[in-house]
Amino acid sequence: MVKLFVVDRNILFRQCLKMALEKDNFAVSLIEVNELTDLIALVGKEIPDIVIFDLDSELFHLGVISEIVSKFPGIKFLALSFDLSRNKYFRLAQAGIKGCVLKNSDTSYLKQAILDVMVGKISFPEEILQQMIKNHNGNQKFSNDLTERESEVLHHLCNGLSNNEIAEKLHLSYDTVKWHRSNILIKSGCKNVLSLYKFAIQHHWVQLT
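573 is the number of the first residue of the sequence shown in the working numbering; add one for each residue after it.
Do not take every clue at face value.
[What the hints assert, rightly or not] Heads up, simulated DSBU-like pairs for lysine-lysine below, C-alpha to C-alpha not over 30 Å straight-line:
no.	residue 1	residue 2
1	LYS660	LYS693
2	LYS575	LYS770
3	LYS675	LYS590
[Said to hold, decoys possible] Have a look at the derived ranges for each label pair, beta carbon to beta carbon:
no.	residue 1	residue 2	range
4	LEU584	LEU742	16 to 24 Å
5	ARG663	GLU604	20 to 28 Å
6	LEU742	ALA599	32 to 40 Å
7	LEU742	ASP655	30 to 38 Å
8	SER642	THR609	13 to 21 Å
9	LYS617	ASN755	16 to 24 Å
10	THR748	ASP610	37 to 45 Å
11	LEU687	GLN774	17 to 25 Å
The set of hints was computed from the structure by calculation and includes no laboratory data. In this text the structure is predicted, and so the values were computed from the model without any measurement. Even for Gly, the Cβ is constructed at its ideal location relative to N, Cα and C.
Start from the sequences and build out the full structure, keeping to the hints where you can.
Have a look at this one:
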């Protein structure tokens, strides 16, 4: 059974979401959370599998989410939004958020997104993923495998860490991490981190945590 926290000030929104997920015996244990401060207090006592939140609400700050993810890496965040631009996706990825479901999606899509995120996959609208790889030449083949250090850097990049955070975690200098990142982009043929993120998943370069 998936343990979910649904965070939103709107009681009707939380209750409607709960009813939608419980329909058809979808196995979830859902706890309603009213405020971000309540979430911070709760995760210290009870760890959810997934936190679902409204990306369009003023309630959430991605910096706080990133902090929670760093302290509790087992918690996965899933956003709901009316739209998802490429820039917004980039901010979500940097914060360590694993997926986003558009609010005009069918309930079945939300359920599948929950299941995907639970097993370590990312779950974003297909049109956003296509934007990520449109600059990548799908026919290009890379002849060099990643070094062990490059694999470590790539793993942390795909889990939303910044260059500074990776440098601290791996006990490297900022410039060294930047150099590894440049090499990874060259080997993959990708032009930016967005396309690299999708490319790495498709080619099994990383396993998200």
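A quick look at each hint next to the structure:
1. Of the supplied pair hints, the one linking LYS660 and LYS693 holds, its CA atoms being roughly 19 Å apart against a limit of 30 Å.
2. For the given pair, LYS575 sits about 27 Å from LYS770 by alpha-carbon distance, which is consistent with the 30 Å threshold.
3. Between LYS675 and LYS590, the direct Cα distance comes to roughly 15 Å. Compliance with the 30 Å bound is thereby established for this hinted pair.
4. In this structure the hint that LEU584 and LEU742 lie 16 to 24 Å apart at CB is violated, the actual value being about 46 Å.
5. Checked against the given bound of 20 to 28 Å, the beta carbons of ARG663 and GLU604, roughly 26 Å apart, stay inside it.
6. Checked against the given bound of 32 to 40 Å, the beta carbons of LEU742 and ALA599, roughly 38 Å apart, stay inside it.
7. Taking 30 to 38 Å as the suggested C-beta distance range, the pair LEU742 and ASP655 conforms, at roughly 35 Å.
8. For the pair SER642 and THR609, the supplied restraint of 13 to 21 Å holds, since their beta-carbon distance comes to about 18 Å.
9. Taking the beta carbon of each, LYS617 and ASN755 are about 43 Å apart, not inside 16 to 24 Å as hinted.
10. A hinted range of 37 to 45 Å holds for the C-beta pair THR748 and ASP610, which are about 40 Å apart.
11. The hinted window of 17 to 25 Å between LEU687 and GLN774 holds, with their beta carbons roughly 19 Å apart.
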